[in-house]
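Trainee: Assemble the complex: chain B is given as a structure, and chain W must be docked to it using the hints.
Number of protein chains: 2
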Amino acid sequence: MNMVHIAVDAMGGDHAPEEIVAGAIQGARDLNLRVSLVGDPDAIRYELSRGQTDDLQMEIIPACDVIHMDESPVNAVRSKPDASINVACRKVTEGHADGVLTMGHTGAGLIAAMSNFGCIPGVERPAAIVPLLGLRKDVYLIDAGANTEVGPKQLLQFACMGSAYAHYAGGIAHPRIGLLSNGSEASKGNKVGRDAYKLLAAAKNILFAGNVEGHTMLASDVNVVVCDGFAGNVLFKTIEGVIAAVLAQVQDILPQLPAGAVSLLQDHLENIRSINDYARIGAATLLGVQFPMFIGHGRSKALAVRNGMASAKRMITSNVVGAIRRTMEVDE
Amino acid sequence: MNMVHIAVDAMGGDHAPEEIVAGAIQGARDLNLRVSLVGDPDAIRYELSRGQTDDLQMEIIPACDVIHMDESPVNAVRSKPDASINVACRKVTEGHADGVLTMGHTGAGLIAAMSNFGCIPGVERPAAIVPLLGLRKDVYLIDAGANTEVGPKQLLQFACMGSAYAHYAGGIAHPRIGLLSNGSEASKGNKVGRDAYKLLAAAKNILFAGNVEGHTMLASDVNVVVCDGFAGNVLFKTIEGVIAAVLAQVQDILPQLPAGAVSLLQDHLENIRSINDYARIGAATLLGVQFPMFIGHGRSKALAVRNGMASAKRMITSNVVGAIRRTMEVDE
Chain B
-3 MNMVHIAVDA MGGDHAPEEI VAGAIQGARD LNLRVSLVGD PDAIRYELSR
47 GQTDDLQMEI IPACDVIHMD ESPVNAVRSK PDASINVACR KVTEGHADGV
97 LTMGHTGAGL IAAMSNFGCI PGVERPAAIV PLLGLRKDVY LIDAGANTEV
147 GPKQLLQFAC MGSAYAHYAG GIAHPRIGLL SNGSEASKGN KVGRDAYKLL
197 AAAKNILFAG NVEGHTMLAS DVNVVVCDGF AGNVLFKTIE GVIAAVLAQV
247 QDILPQLPAG AVSLLQDHLE NIRSINDYAR IGAATLLGVQ FPMFIGHGRS
297 KALAVRNGMA SAKRMITSNV VGAIRRTMEV DE
Chain W
-3 MNMVHIAVDA MGGDHAPEEI VAGAIQGARD LNLRVSLVGD PDAIRYELSR
47 GQTDDLQMEI IPACDVIHMD ESPVNAVRSK PDASINVACR KVTEGHADGV
97 LTMGHTGAGL IAAMSNFGCI PGVERPAAIV PLLGLRKDVY LIDAGANTEV
147 GPKQLLQFAC MGSAYAHYAG GIAHPRIGLL SNGSEASKGN KVGRDAYKLL
197 AAAKNILFAG NVEGHTMLAS DVNVVVCDGF AGNVLFKTIE GVIAAVLAQV
247 QDILPQLPAG AVSLLQDHLE NIRSINDYAR IGAATLLGVQ FPMFIGHGRS
297 KALAVRNGMA SAKRMITSNV VGAIRRTMEV DE
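Quick note, the sequences are listed as chains B and W, same order.
Just so you know, we're using my numbering here: the first sequence kicks off at -3 and counts up by one.
Just so you know, we're using my numbering here: the second sequence kicks off at -3 and counts up by one.
It is possible that some hints are incorrect.
The list cannot tell twin chains apart, which means a pair is met if one copy fits it or any two copies do.
[Said to hold, decoys possible] Using 35 angstroms as the maximum straight-line C-alpha spacing, the simulated DSBU-like pairs for lysine-lysine come out as follows:
1. K297 / K187
2. K149 / K184
3. K76 / K184
4. K133 / K187
5. K133 / K194
6. K297 / K200
Hints listed in this document are in silico derivations from the structure and should not be mistaken for laboratory results.
Only chain B is shown next, with the shape it has when bound in the complex (with noise of 0.2 angstroms):
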């Protein structure tokens, strides 16, 4: 197989070019990556200059524009044809890369992701998974945030796209899908909860373990947690700000503690914030269109950016975009 390639939008967050070209440069050392970097050849060009890239595979595609945080998604994807997002897409459709990884504006990403790569036949809309990250092992929560409107059929889909990643690219051999509600019970939910539950629970192709709740998700033996974007980016959000906020009372402790106490609890505050951090995983995966996408946090740094490669490679070696196809057919 040859290497995995893949677009970075390096204009593309809070920190760009320098943290997304410094992160690039990690991950193609590290993960063994070719990568496309896209945007402002002169700014890239001076990023490199002050790395170690001799040996690496890497390359500057010219991107003359940028889509900025505060615009309109579908606007802004539509008159910028040469904005960097847009020119990352299309060195994937025309075969060049493997797959796009952008730190920009989310909004921008699915967009230019629905516009250029098209969904996967069957696919209404596509979504966004995340690992729950250090609170418990081999959990993702699906839609993290694409789309804050959905209905029962869409939730249904979520779940099997779910179950294909889990599968695939998280190596579960039979995921156990559960639906975020607000209580246990069939009857629970909003409208539009409740009838997903029935879809879900008439199923063939999935393994559907009933509702979750925010405190049995973590506790309970479910793999894949589906929800719509809004609740997921509020849960997801929720839980990095618990996290800090408890790992902050915890270290009131520090003070009164011997010595050659404080240095241990601190070390070991440190790794669980570390394995709880965001920038470990670097970037939520959109499942359902037709080619690997990968959308990280605005304010993401290096690290993030050479972890979201690392997730981007596990994705498209695992080809989950084509379990998703076969997983569509079925379902139709």
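Mentor: Just chain W, lined up with the frame of chain B:
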């Protein structure tokens, strides 16, 4: 002022009547409250005989029926007029008690309050408010689970009621209101949320601080977080689950710590657990109905019952219902 008098649904909850009665005895003593225990007289009398109640103002109000957790709340409340929750509500409308506390079926508590008490004129739907416990002081979440489907106008009403509660029961001079969303910009959120944003921004009787997200909520200066009851319930339970998971991770360091540090850290973790423990609040307060109603977890034990009575006393003595009536008049 006379003693505050609370009608306690002695039959509601997983540990009824034993833990309910035990908690009611504690509450009556610690908080100097009058208590009516509503339910099966023999069972209540037996539980009372196990405690010391001679010096307390406690009485038994017979109710011959109970609503079980698996019943449809609307049907059950209508078809069982002599269920303990209905009898407890009538004791309030008749002027005998000031408010109702139940650890029984949440939906039944909501429906019983709506049908027996009625909504305050102008309020379309009551909503449940809870403090976000120990992670940050003075922040309340409304709706914590009473309504899984809401419209923009209802979210505005939740904001007004939450503001009144935070001011009168929470002692916050000028409560700042945040709308839960998936981004800070006004354009974020689902359709209902975006429309609610406009109503909240235009409202003259509240201090609207814009959107809050899962992670900023705990770090901002917002006092009331407004959302629909589905997202609120997910969020509330997620916080509970994440705190438990993080503290379990922290605890893993214990075997490596020197002996002198172990008990210090254990005590500290126990303290964090208890300040974040839902039992410390005991019950959510239902806002928007004509009389005070408090609904706790079905799994509540005596401590939660006692603390739910404390929340009840605070709301009743600060006359939040009267404040909401005045707010709603201004609103019309």
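Trainee: If the cutoff is 35 angstroms on CA atoms, where do K76 and K184 land: within, between, both or neither? Let me know, please.
Mentor: between (44 angstroms within a copy, 22 angstroms between copies)
Trainee: When no copy is named, should K297 and K200 be tagged within, between, both, or neither for a Cα gap of at most 35 angstroms?
Mentor: Answer is neither; intra-copy 42 angstroms and inter-copy 41 angstroms both fail.
Trainee: With identical chains, the pair K133 and K194 could be close in the same copy or across copies; at 35 angstroms between alpha carbons, which is it: within, between, both, or neither?
Mentor: Within one copy only: 28 angstroms inside a chain, 41 angstroms across chains, cut-off 35 angstroms.
Trainee: Within, between, both or neither: how does the pair K133, K187 come out at a Cα-Cα threshold of 35 angstroms?
Mentor: The answer is both: 31 angstroms in one copy and 34 angstroms across copies each meet 35 angstroms.
Trainee: Indicate which option fits the pair K297, K187 if close means a Cα-Cα distance not exceeding 35 angstroms: within, between, both or neither.
Mentor: Only across copies: K297 and K187 sit 32 angstroms apart there, 40 angstroms inside one copy, limit 35 angstroms.
Trainee: Give the relationship of K149 and K184 under a CA distance limit of 35 angstroms: within one copy only, between copies only, both, or neither.
Mentor: both (18 angstroms within a copy, 23 angstroms between copies)
Of the numbered hints given earlier, the model fails hint 6 alone.
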